[in-house]
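Participant: Given only the sequences and the hints, what does the whole structure look like? Please build it.
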Amino acid sequence: MEGNMFKYFLPNYLATNISNLVVSENPQLVKSKDKIRYGLEWMISGMNQIILVSLLVWPLGILPETTMGLLSGALLRMFSGGAHFKGYYSCLILSTLQIIFLTLICVQYTEVLSSYKIPFILLLLISFLITVQKAPVLHKKKHLFTRKGTLKLKMKAVTTFILCMGLSVFLPQAMMYCVWSALIFQGLTLTDFWGKSVLILDAFIYKITLKGLH
1 MEGNMFKYFL PNYLATNISN LVVSENPQLV KSKDKIRYGL EWMISGMNQI
51 ILVSLLVWPL GILPETTMGL LSGALLRMFS GGAHFKGYYS CLILSTLQII
101 FLTLICVQYT EVLSSYKIPF ILLLLISFLI TVQKAPVLHK KKHLFTRKGT
151 LKLKMKAVTT FILCMGLSVF LPQAMMYCVW SALIFQGLTL TDFWGKSVLI
201 LDAFIYKITL KGLH
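Just so we're aligned, residue 1 is where the sequence shown starts under the working numbering, counting upward by one.
Bear in mind the hints are in silico, worked out from the structure with no lab data behind them. Note that the coordinates shown come from a computational prediction; the quantities given were computed from them, not determined experimentally. All C-beta atoms, glycine included, are put in the ideal place defined by N, C-alpha and C. Where hints are given, some of them may not hold.
Distance condition first, Cα-Cα at most 20 Å in a straight line; then the derived SDA-like pairs of lysine to any residue [what the hints assert, rightly or not]:
| # | residue 1 | residue 2 |
| --- | --- | --- |
| 1 | Lys-156 | Gly-46 |
| 2 | Lys-35 | Val-22 |
| 3 | Lys-117 | Met-165 |
| 4 | Lys-117 | Leu-129 |
| 5 | Lys-86 | Met-165 |
| 6 | Lys-156 | Gln-133 |
| 7 | Lys-134 | Val-198 |
What follows is a set of in silico ranges between Cβ atoms, one per label pair, in the way DEER data are often shown [claimed, not checked]:
| # | residue 1 | residue 2 | range |
| --- | --- | --- | --- |
| 8 | Val-169 | Leu-21 | 41 to 47 Å |
| 9 | Thr-159 | Lys-86 | 38 to 44 Å |
| 10 | Ile-118 | Ile-200 | 29 to 35 Å |
| 11 | Leu-60 | Lys-117 | 24 to 30 Å |
| 12 | Leu-52 | Ser-32 | 41 to 47 Å |
| 13 | Met-43 | Pro-64 | 35 to 41 Å |
| 14 | Pro-172 | Phe-204 | 22 to 28 Å |
| 15 | Thr-159 | Gln-98 | 23 to 29 Å |
| 16 | Pro-119 | Pro-64 | 23 to 29 Å |
| 17 | Val-22 | Phe-204 | 23 to 29 Å |
| 18 | Ser-24 | Leu-122 | 51 to 57 Å |
Facilitator: And the structure:
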């Protein structure tokens, strides 16, 4: 019963039901149903993460920096895709911890990071090249996009990366490093190494969860 209750809060469940309602009221959109569901799922998932992250970092006084990093990473991920955990709540919790951890480092160690700006820029360049080569990594969403649509996503991902990088230099240093960290990490999620790491961690989480249930 508890598992069934939680499913009502899943972005996929909500997006599917909303897209069904939209199509039933607008039959002319039936061919776009999957894309509508995909867009809604991304929006709902994004909103959930923004709310959760905001609540957690508010007492720490790092909300502006966290928001900047979160939005940069989420905007790039919308176009570039990337490996993620099978379970929604695992993905939500671990990505939230990652965002907060990166932000704390950028805020607490701004001066130290400034001493290593060149290595930081090199990591950004590597992440950019990965994005150019690998994006979009769609996994289960591949069937929603034609070859032309996939190329458009790649161009949008590359453009988003460049815009975020360009705008970040006008921000306070701590915020700038938050944006850079988000872009670097998002580039990492496109790699085969990250994809395999996620599979291993996913299996581990499933195993300990199964033991907990028994």
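Participant: Now, for every hint given, state plainly whether the structure supports it.
Facilitator: Structure-based check of all given hints:
no.	hint	result
1	Lys-156 <-> Gly-46	holds (18 Å)
2	Lys-35 <-> Val-22	holds (12 Å)
3	Lys-117 <-> Met-165	holds (14 Å)
4	Lys-117 <-> Leu-129	holds (18 Å)
5	Lys-86 <-> Met-165	violated (30 Å)
6	Lys-156 <-> Gln-133	holds (13 Å)
7	Lys-134 <-> Val-198	holds (17 Å)
8	Val-169 <-> Leu-21: 41 to 47 Å	holds (44 Å)
9	Thr-159 <-> Lys-86: 38 to 44 Å	violated (30 Å)
10	Ile-118 <-> Ile-200: 29 to 35 Å	holds (33 Å)
11	Leu-60 <-> Lys-117: 24 to 30 Å	holds (25 Å)
12	Leu-52 <-> Ser-32: 41 to 47 Å	violated (30 Å)
13	Met-43 <-> Pro-64: 35 to 41 Å	violated (22 Å)
14	Pro-172 <-> Phe-204: 22 to 28 Å	violated (38 Å)
15	Thr-159 <-> Gln-98: 23 to 29 Å	holds (24 Å)
16	Pro-119 <-> Pro-64: 23 to 29 Å	holds (25 Å)
17	Val-22 <-> Phe-204: 23 to 29 Å	violated (38 Å)
18	Ser-24 <-> Leu-122: 51 to 57 Å	holds (52 Å)
Against the hints set out earlier in the document, violations occur for numbers 5, 9, 12, 13, 14 and 17.
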